[in-house]
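Enquirer: Sequence:
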Amino acid sequence: QRPKSAVGFALVGPFYRANAPKRKRGESTALGNTKGDRVRITGKVYDLSSKKTIGGAMLDVWQAATNGLYENQDEKQPDYNLRGRFQADEDGTFDLVALLPTPYPVPTDGPVGQLMKLARRQPNRPAHIHFIVSAPDYETLVTQVFKKGDGTIDVDPVFTADDNLTGDFRKEDGEWRLRYDFQLKPGDSTMPKPPIP
1 QRPKSAVGFA LVGPFYRANA PKRKRGESTA LGNTKGDRVR ITGKVYDLSS KKTIGGAMLD
61 VWQAATNGLY ENQDEKQPDY NLRGRFQADE DGTFDLVALL PTPYPVPTDG PVGQLMKLAR
121 RQPNRPAHIH FIVSAPDYET LVTQVFKKGD GTIDVDPVFT ADDNLTGDFR KEDGEWRLRY
181 DFQLKPGDST MPKPPIP
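For the sequence shown, the positions run 1 to 197 when this note's numbering is used.
Keep in mind that the hints are not guaranteed to be accurate.
Unchecked claim - Here are the computed lysine to aspartate or glutamate pairs in the EDC-like style, where the Cα-Cα straight-line distance is at most 16 Å: (1) K185 - D47; (2) K148 - D162; (3) K185 - E139; (4) K44 - D91; (5) K35 - D74; (6) K52 - E90; (7) K52 - D91; (8) K44 - E90.
Hint data in this document are derived by calculation from the structure and do not stem from the laboratory.
Make a model of the complete structure from these sequences and hints.
Expert: Structure follows, in structure tokens:
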């Protein structure tokens with residue numbers, strides 16, 4: 001069992017794609033003229049028990065564009081836009097640039113929409129970025145980081161968001177920044193299968 005101070009698990013979601021391009025430290029997942037503000041995300045990956053940093057851990061990152069669509073839903077986006085894999089340095093630190101996340105509605109044109117209407121639930125997912133963090137001999141962490149203060153966290157239609165998964169996105173010297181650490185638990189490293197092949 002993970003303590004409350006640890007980053008929790010969250011849904012992988014239906015739009016994960018395996019084998020995203022490996023990107024260099026400090027590079028952006030946003031390709032071309034992707035609309036929206038950028039956010040620099042820095043932090044470290046460490047062992048939940050020993051608190052030692054985990055060098056070489058891999059962070060697989062993906063998110064929706066500001067139009068609410070993931071790249072594999074939207075043919076107008078470049079292939080693997082807003083996706084990337086980043087390897088932590090030997091000291092466990094990482095540095096990457098992503099899109100400042102924005103809320104988006106889940107599809108409401110089918111049975112899910114009817115069910116949500118009957119349950120009187122709002123359709124907007126809180127702004128978030130997906131992460132899969134992995135390293136040999138550690139359990140793979142599948143999680144999402146939500147924007148602290150997002151008013152839809154308590155009414156997330158897929159019941160994933162909670163305060164333990166929020167990050168403090170701040171504007172500093174004209175640049176959006178997020179400092180966030182990930183903790184891994186010793187165990188087997190198994191990657192999830194993409195829901196859409």
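Enquirer: Decide, hint by hint, whether the structure agrees.
Expert: To see whether the hints hold, each was checked on the structure:
1. K185 - D47: holds, 6 Å
2. K148 - D162: Distance ~10 Å between K148 and D162 Cα, so the pair holds.
3. K185 - E139: Holds, at about 6 Å.
4. K44 - D91: holds, 8 Å
5. K35 - D74: holds, 14 Å
6. K52 - E90: holds, 11 Å
7. K52 - D91: Roughly 9 Å between the alpha carbons, so the hint for K52 and D91 holds.
8. K44 - E90: Holds, at roughly 10 Å.
In terms of the numbered hints stated before, the structure departs from none.
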